[in-house]
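Now for the letters of each chain:
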Amino acid sequence: MAIRGSGFQRKSRAASDIPTCSLADIAFLLMIFFMVTTVFQTDRERPIVWPEAAAAEKIDEKQKNILNIWMERDGGVFMNDQAFMMDEVSDYVGPLYGASERALVISIRGDREVPYTYMDQLQKELVSAGVVRVVFAAQLEQSMQRERR
Amino acid sequence: MPLINQKRIKVSSEIPTASMADIAFLLMIFFLVTTTFPKDRGLAILLPEEGVEAQVSQSNVLHLIIQPNGIIDVRRGESQQVQQIRPQEVEAVWRQEVTANPNVIAAVKTHPQAPYRYMIDVLDALHAANAERISLQILEE
Chain A
1 MAIRGSGFQR KSRAASDIPT CSLADIAFLL MIFFMVTTVF QTDRERPIVW
51 PEAAAAEKID EKQKNILNIW MERDGGVFMN DQAFMMDEVS DYVGPLYGAS
101 ERALVISIRG DREVPYTYMD QLQKELVSAG VVRVVFAAQL EQSMQRERR
Chain B
1 MPLINQKRIK VSSEIPTASM ADIAFLLMIF FLVTTTFPKD RGLAILLPEE
51 GVEAQVSQSN VLHLIIQPNG IIDVRRGESQ QVQQIRPQEV EAVWRQEVTA
101 NPNVIAAVKT HPQAPYRYMI DVLDALHAAN AERISLQILE E
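Which chain is which? The protein sequence lines are A and B, in order. Sequential numbering of the first sequence, starting at 1, is according to the working numbering. Sequential numbering of the second sequence, starting at 1, is according to the working numbering.
Keep in mind that a hint or two might mislead.
[What the hints assert, rightly or not] Cβ pair distances, simulated, as ranges:
1) B:Leu-26 to A:Asn-80: 36 to 46 angstroms
2) A:Gly-130 to B:Asp-22: 51 to 61 angstroms
3) A:Lys-124 to B:Leu-32: 41 to 51 angstroms
4) A:Gln-139 to B:Met-20: 39 to 49 angstroms
Calculated from the structure, these hints are not laboratory results. We put the CB at the ideal spot given by N, CA and C, even for glycine.
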């Protein structure tokens, strides 16, 4: 180490500051990486044909408090990507409803052609699970379509 | 302008790129903040509590019986008179009924083999007519 003021001190040629011109690029790269790899915790859609309703309103609840129950045309019940028998529904929904402190909203996503007897069984299961708030999910029907029908 | 006095204009021909990243960030943050995901839509109802059965006078009940072909039989209270209507007409019938009797309850009874969409059509019409008291049942043979 050179003694200060001795006259032999050599200036270091290496730049002492970190180069910042690529900082933004690195930040972008990281951000795009995380945006692409993030998956939201949702269940996969089942192949159903949606019923349509003109009076369909937005569900006024946080996404994490909504449980989708899919009902396929043949009466198959799906929740969180799993198939259920009709009489297992209340055993599965009941604990979830308790865990959400009675805030859980059930969104019934039924195929438009499913016979109503399955829907009735499903509603009875939900009643026995103690669920109160239920939404029959439907696509918004435009008034033009309604006039044509 | 005399040609002799003409000076070279010292304007840079490049677009400055130093603030490009800042602009991109600003736009990205703006869109991140303003993005809302589309919410699911549907017809909301409240299911009854288990074991609680409300006693309702028959005179306050409007029976809407949905047949498998989508035709709706309307029956008022205990009268045996049946009126057959289409789902589009439910809203008007309900409005008429409410002005006559504000305590009326819609009892929607669907045939077990009727497609779900006919029930949705009727529920939709009742929601459009601001019906509050709806009972969803299955038609017992």
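Results of checking the hints against the structure:
A beta carbon spacing of about 39 angstroms between Leu-26 of chain B and Asn-80 of chain A agrees with the range 36 to 46 angstroms that was offered as a hint. Distance hint check: the CB atoms of Gly-130 of chain A and Asp-22 of chain B are about 54 angstroms apart, consistent with the given range 51 to 61 angstroms. At about 44 angstroms, the beta-carbon gap between Lys-124 of chain A and Leu-32 of chain B stays in the expected band of 41 to 51 angstroms. For the hinted restraint 39 to 49 angstroms between Gln-139 of chain A and Met-20 of chain B, the CB-CB distance of approximately 42 angstroms keeps it satisfied.
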